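Could you build all of it, start to finish, from the sequences and the hints given here?
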Amino acid sequence: MSSQLKWKFITILALLLFCIYGVIGLPVFPTSLTQLKANLADRIKLGLDLKGGSHLVLQVQVEEAIGQRCDQSVDQISKQLHDKNIGFGEIRRVDDTHIEVRDVAPATSGSFRDLINNQFTDWAMVPEAGQTNGYLLTMKPSVISDLRKSAMDQSLEVITRRINALGLTEPTIAFTGRSDDEILVQLPGEGDPTRAKSVIQAGGQLQLTLVEGDQPYPSQIAAMAANGGVLPAGSIIVPGQADAGTPGQPSQQVYYILARAPIVTGQDLVGATPQPSTNNPGQYEVNFHLSTSAASRFGPFTEANVGHRMAIVLDNKVYTAPVINSRIEDSGVIEGNFSQDSAQDLALVLRAGALPASIKYLEERTVGPSLGADSIRQGVRASIGSLVVVMLFLVFYYRLSGVNAVVALVLNLVILVAFMAYAGAVLTLPGIAGVILTIGMGVDSNVLVFERIREELRNGKVPAPAVDTGFNRAFLTIIDTHVTTIVSAVFLFLFGSGTPVQGFAITLVIGLLANVFTSIYVSRAIFDYHLSRMDRQGHLSI
Amino acid sequence: MEFFHGVNINWMGKAKYFVALSLILLAVGWISLLHRYSQNPDAMYGIDFRGGTLVYVRFAGKAPVDQIRKGLQQAGLANSTIQGISDSQNLGSQNDVVIGLEQSQTDESLDVGKQKILDVLHDTFGADTTGKPDFNSITASALTADLTRRDPLSLGVNAGDRYTQLAAQLTDARDKDHDGIITNFDQLKTVPGATPAVLSVLANNYSLGTFAIRDAEIVGPKVGAQLRHQAFWATIYALGGMLVYIAFRFEWVYGAAAVIAVFHDVLITLGFFSLFHYEISLTVIAALLTLVGYSMNDTIVIFDRVRENLRLMKREPFADIVNKSINQTLSRTILTSGLTFLTVLVLYLMGGEVLRAFSFAMVVGVVVGTYSSFGIAAPIVVLWNKYHDGKGSTVRAGSAAGKRTAAVARS
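These protein sequences, in sequence, are chains P and G.
Sequential numbering of the first sequence, starting at 5, is according to this note's numbering.
Sequential numbering of the second sequence, starting at 43, is according to this note's numbering.
Since the hints were derived computationally from the structure, they do not count as laboratory data.
Some hints here could point you the wrong way.
In the SDA-like style, the derived pairs of lysine to any residue whose C-alpha atoms are separated by at most 25 Å in a straight line are [stated by the list, open to error]:
id : chain 1 : residue 1 : chain 2 : residue 2
1  : G       : Lys174    : P       : Gly193
2  : P       : Lys49     : G       : Thr181
3  : G       : Lys158    : P       : Ser346
4  : G       : Lys158    : P       : Ser202
5  : G       : Lys104    : P       : Ala377
6  : P       : Lys41     : P       : Gly389
7  : G       : Lys366    : P       : Asn476
8  : G       : Lys264    : P       : Asp185
9  : G       : Lys158    : P       : Tyr426
10 : G       : Lys158    : P       : Gly193
11 : P       : Lys364    : G       : Leu160
12 : P       : Lys201    : G       : Lys104
13 : G       : Lys428    : G       : Phe383
14 : G       : Lys231    : P       : Ala377
15 : P       : Lys41     : P       : Ser346
16 : G       : Lys218    : P       : Val384
17 : P       : Lys364    : G       : Pro175
18 : P       : Lys364    : G       : Asp161
19 : P       : Lys364    : G       : Lys158
20 : P       : Lys10     : P       : Tyr25
21 : G       : Lys218    : P       : Gly193
Note that this is a predicted model, so its numbers are computed, not measured.
Structural data, given as structure tokens:
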């Protein structure tokens with residue numbers, strides 16, 4: 005054997021060892037069969053379709069966050085206009101990104117423009133068409149895209165915290181990449197996503213607010229009527245449930261008039277825990293603690309309002325509106341019709357923080373573990389079945405050279421599996437199909453080379469030059485065929501984001517690259533080894 | 043051992059028959075496809091592209107389809123579809139059904155339809171009325187919590203993750219050894235750690251429902267449209283990328299011929315899909331793109347030979363060179379295609395229900411893709427050459443190709 009050939013075999017052997025180590029040698033070197041199995045299970049990451057679990061795609065309603073910013077600006081601008089004595093007829097939100105200010109007093113229009121241009125830089129102002137003293141404010145595109153991005157980032161963070169608090173194994177929470185307002189949540193092994201879904205979707209916006217008028221009203225109209233038909237400035241009507249008088253009786257829908265500005269919000273919380281209710285045995289409640297800065301506001305507030313009612317508002321619904329009996333420092337209780345589980349989930353949501361906008365589910369797939377197990381069984385069986393058929397044929401048709409091809413094929417698969425293990429790529433069911441196609445392409449490369457060698461032998465060449473020509477001629481064809489297939493696999497990968505199809509593209513690309521190496525480099529080395537041990541005029545078994 | 047050695051077939055002389063065959067196949071498939079389309083534009087799409095709800099249920103015995111249908115109708119889901127599927131493990135078993143709901147019922151809140159289906163199943167086939175939870179639908183984490191609470195092994199505070207392991211083993215045995223559904227708690231006897239105490243705790247506190255949900259998919263309308271869009275562009279870009287690569291490696295006419303041929307393959311395969319009532323899903327798009335690559339392979343092997351022969355046989359008519367190239371590569375073509383065909387046939391027969399449509403596309407695609415390289419792609423290049431020779435204005439595309447080959451140095 006020439007030294008060059010020796011080095012080729014050493015390279016191949018080293019790669020083989022590296023690959024085998026990558027599949028079964030990590031994380032702990034195996035000393036028993038169980039350890040080996042555990043390593044294998046750890047290294048080959050299975051997709052949800054094989055392992056079973058839930059796959060959710062949700063859409064963050066980012067427009068809400070933009071609309072909220074618009075509402076805030078309307079409030080702030082109108083407050084500033086009052087403070088600065090700038091006269092105006094009306095200010096209103098036109099849509100999520102536009103505000104209209106009408107009939108600005110001509111005398112103060114200069115200070116109006118200065119105010120907007122200097123203090124509300126998020127907005128671009130133009131005189132409104134068809135209005136003499138009207139202005140139209142438009143939210144700047146850069147502000148909109150910042151808002152969108154921060155709403156998405158924050159949603160991802162909050163959802164991640166909530167899912168992690170649920171204690172599920174190895175969840176995936178990521179942007180889907182196919183649309184800029186979608187988030188993908190994968191929960192392996194979770195056969196029933198109902199609880200996770202409600203925890204993800206819960207708004208989690210907690211507000212503690214003073215109740216105006218200290219009483220609930222049976223309807224919105226009654227609430228207005230109690231105040232002479234108009235809502236007091238700076239207040240809103242929020243629906244809620246009447247305090248549970250007798251347990252078991254469905255509580256009535258009532259309305260409260262609340263101060264618009266809350267004393268304390270969810271951001272002021274430092275903790276929330278579920279506990280059995282003291283007032284309603286059998287029910288649960290959620291106990292919360294405030295940060296010191298919030299407590300320094302809350303203490304004086306409650307002291308000043310003893311005897312009045314304070315509403316605990318969650319996601320725009322009044323849960324309870326107890327009367328403040330004495331000064332409260334830094335904790336409170338949310339009562340409601342909670343079971344142990346729902347109290348636990350609410351506490352979890354409060355701890356994880358509120359979502360910046362509501363979310364909507366777009367896609368939900370749940371694969372039961374038994375189906376996944378079936379798919380693995382069938383996929384593996386089909387792979388082994390096709391491998392055996394192909395190998396038998398190759399040996400039968402090409403004799404010793406067929407054995408050569410079989411070695412190249414097996415190495416091809418070992419490299420494929422090892423690369424997936426090292427790269428942490430996920431094996432999906434379409435991925436198994438990709439493995440089988442890799443086998444098909446691997447056979448093609450070998451057949452191309454072998455048929456060419458046979459042709460050269462028929463044309464009268466002796467083995468060594470025939471093998472040489474065969475490999476050289478087939479080389480370009482193999483490159484061409486592989487590049488075209490990789491081109492299509494790459495597009496499949498790019499467009500298949502968030503779907504199991506991506507797994508197919510990954511295995512196919514890795515498999516094809518490995519195939520180029522094994523069918524040209526490895527197979528050639530084995531041929532060279534045979535040739536080196538044989539007479540120049542000898543017979544090649546092909 | 044050798045087959046197909048020294049064949050000498052005049053392929054290009056038969057080109058018009060090939061074209062006729064292709065036209066017939068295209069017509070048959072697409073008449074069927076358009077007919078189905080005219081009845082329901084979404085008929086060809088699987089749930090990925092159409093949107094909607096699918097729940098795949100396995101029963102312990104033969105699926106009571108009539109009862110399910112009645113239950114669904116009573117729940118106001120009259121236009122749901124129920125389809126029995128046979129499991130590839132034991133062919134002929136009629137234990138599995140897929141219940142489907144159209145998009146319109148999925149709209150408002152995504153999982154309303156699914157919840158209704160589950161309610162119907164639980165109401166109709168729920169294990170018993172004592173309110174005991176169904177062991178066949180419990181998850182490992184819920185079982186862990188319950189076992190820890192009941193502590194059948196009397197481990198107390200020393201339990202550690204003992205019950206986590208036990209719960210995983212119990213649900214694993216149910217899912218992997220008993221196909222997701224057990225009919226008697228004694229079936230769990232073989233699980234290590236499942237002592238009589240554990241089994242009696244299970245038997246006393248759980249019921250055994252007669253069905254298990256194997257798979258539930260809900261795809262909202264937005265996602266369906268998005269995925270259709272994605273799939274369409276993936277195909278277009280893949281074809282475009284290949285065209286560019288082949289045009290770069292050969293002549294543009296070779297690229298165009300190859301792309302027309304694979305386009306032809308995709309159209310015929312889609313026609314067959316309609317004829318055999320398979321649905322187009324995401325994995326089928328993957329199959330179509332694979333067959334595009336595969337068919338391209340075959341075409342390139344032939345073109346590669348044409349390019350090589352053009353240098354060796356400068357004086358022979360172009361059609362003869364193409365014939366010779368096809369004949370020379372014929373044994374490779376038949377071997378590779380034959381073996382790939384066998385591979386995907388194994389996949390079709392053994393790959394299970396989930397891969398059925400995928401492997402069907404591949405089975406059809408391998409045959410059509412092989413055929414199109416000599417039946418469609420090669421004749422197009424020959425025709426192009428003839429047209430140019432006839433006009434006598436340009437040099438033979440052959441010599442142009444020869445020049446290009448010279449630039450791409452080969453040993």
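Structure-based check of each hint:
no. : hint                   : verdict
1   : G:Lys174 with P:Gly193 : holds (23 Å)
2   : P:Lys49 with G:Thr181  : holds (21 Å)
3   : G:Lys158 with P:Ser346 : holds (22 Å)
4   : G:Lys158 with P:Ser202 : holds (17 Å)
5   : G:Lys104 with P:Ala377 : holds (21 Å)
6   : P:Lys41 with P:Gly389  : holds (22 Å)
7   : G:Lys366 with P:Asn476 : holds (21 Å)
8   : G:Lys264 with P:Asp185 : holds (12 Å)
9   : G:Lys158 with P:Tyr426 : violated (44 Å)
10  : G:Lys158 with P:Gly193 : holds (23 Å)
11  : P:Lys364 with G:Leu160 : holds (21 Å)
12  : P:Lys201 with G:Lys104 : violated (33 Å)
13  : G:Lys428 with G:Phe383 : violated (34 Å)
14  : G:Lys231 with P:Ala377 : holds (21 Å)
15  : P:Lys41 with P:Ser346  : violated (39 Å)
16  : G:Lys218 with P:Val384 : holds (15 Å)
17  : P:Lys364 with G:Pro175 : violated (30 Å)
18  : P:Lys364 with G:Asp161 : holds (23 Å)
19  : P:Lys364 with G:Lys158 : holds (19 Å)
20  : P:Lys10 with P:Tyr25   : holds (22 Å)
21  : G:Lys218 with P:Gly193 : holds (14 Å)
The structure fails hints 9, 12, 13, 15 and 17 (numbered hints given earlier, in ascending order).
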